[in-house]
Amino acid sequence: MQGKLFGIIVVLICLGQASGAAAEPARFPSLVSSLQIKGPLYFCNERVPLEVSDVRERLEKEMLLSLWDRPQVILWLKRSHRYLPIIEKMLKDTGIPDDLKYVAVAESALRPHVGSPKGALGFWQIMANSGRKWGLIIDDRIDQRRNIFFSTRAATNYFKYLHAQTGNWTLAAAAYNMGEGGLIAETLEQGISDYYRLYLPIETQRFIFRILAIKLIIKNPEQYGFTLSETDYYPPLKFDKIRIDCFEDIPIAIAAQAVGTCFKKIKDLNPEIRGHYLAPGNHTLLIPDGTGKNFQEKYSDLVEAYLSSRRQHIYIVKKGDNLSGIAEKYNIPLAALLIWNKLDLTHHIHPGDRLVIHPRNSP
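Sequential numbering from 1273 applies to the sequence shown in our numbering.
Accuracy of the hints is not assured; some may be wrong.
Unchecked claim - Straight-line distance between alpha carbons at most 35 Å, and here's what the computed DSBU-like set of lysine-lysine pairs gives: (1) Lys1510 <-> Lys1405; (2) Lys1601 <-> Lys1591; (3) Lys1536 <-> Lys1390; (4) Lys1350 <-> Lys1491; (5) Lys1513 <-> Lys1390; (6) Lys1536 <-> Lys1570; (7) Lys1510 <-> Lys1487; (8) Lys1510 <-> Lys1614; (9) Lys1536 <-> Lys1361; (10) Lys1539 <-> Lys1350; (11) Lys1364 <-> Lys1405; (12) Lys1333 <-> Lys1487; (13) Lys1491 <-> Lys1539; (14) Lys1390 <-> Lys1537; (15) Lys1364 <-> Lys1513.
For the record, the hints were derived by calculation from the structure and aren't laboratory data.
With these hints in hand, go ahead and build the complete structure from the sequences.
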């Protein structure tokens, strides 16, 4: 009897839960309803032929794939307030369409350090050779593909060139993805200059539609179930600029100390700087907003103290020495010894070499 009564209670509870769930409205629109895209739709003021079934099918695919990955879309939206205003202004200043800002979202999800297996890097996923061609510094000390300002300037110049080569912005964006040589070759071989009718590599066939999906979602996030308050968005970049003249390698940590912040904050604001040191030469650094007062005086004092300390801690390599042994001798991490001297584990030291050491304990 007790068993039957327990079974009845369980059934009633389940029915009650099912009824409540049915009455509760969906938290976000169904994926099917999200595909009800009404025209007209434009990319860079060029009409997208949604009346062509193949075109609509390809767009729906990218919409579904994007909306399925809701955490990624939320991150697009949250980062958009930090970076898109910068890109929008630079696009406007150079006279090219605002829609090209969505290329950066498609390429990197607005992340400065993301790279591809082929070697593309940064906000706009620029290859090293292309970056240098369009004015970026890319070497073992600086990689401006990671900098939102420098990389966007290079990307806008490249887009203008591609537009001149292809004749419209849709093809220019496709060429950005696959290279202008390959795209122009396909237009000549196929006798077609309409992106939506060209047979291209799969990634490029999807590229414009992925950008369009991003545009639709970012312009109308609430329509697709993404409701963010103003405080949900990541804050925009705010910074001061300072000039630094380095006559030799200077630790970034010194610049951070001079403005009362940490090494990480300087690296976050200046992602193009590689490693732990500023190379000899002139540098413009971004620092936290409002921290630039009396910077030069503080910086000069810290540099003087650093150089004085370094002169007191020079180790002359002796016969039989190795990096691991020296690190152990002075009770310091091997990684720190490598950083201080800008070495790696493949480097061979020789008697007479001079190493900078900041010992914890005297040997």
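These are the hints, each one checked on the structure:
no., hint, in the structure
1, Lys1510 <-> Lys1405, "holds (30 Å)"
2, Lys1601 <-> Lys1591, "holds (15 Å)"
3, Lys1536 <-> Lys1390, "holds (28 Å)"
4, Lys1350 <-> Lys1491, "holds (13 Å)"
5, Lys1513 <-> Lys1390, "holds (34 Å)"
6, Lys1536 <-> Lys1570, "holds (19 Å)"
7, Lys1510 <-> Lys1487, "holds (26 Å)"
8, Lys1510 <-> Lys1614, "holds (31 Å)"
9, Lys1536 <-> Lys1361, "holds (27 Å)"
10, Lys1539 <-> Lys1350, "holds (21 Å)"
11, Lys1364 <-> Lys1405, "holds (22 Å)"
12, Lys1333 <-> Lys1487, "holds (15 Å)"
13, Lys1491 <-> Lys1539, "holds (31 Å)"
14, Lys1390 <-> Lys1537, "holds (29 Å)"
15, Lys1364 <-> Lys1513, "holds (23 Å)"
The structure shown violates none of the earlier numbered hints.
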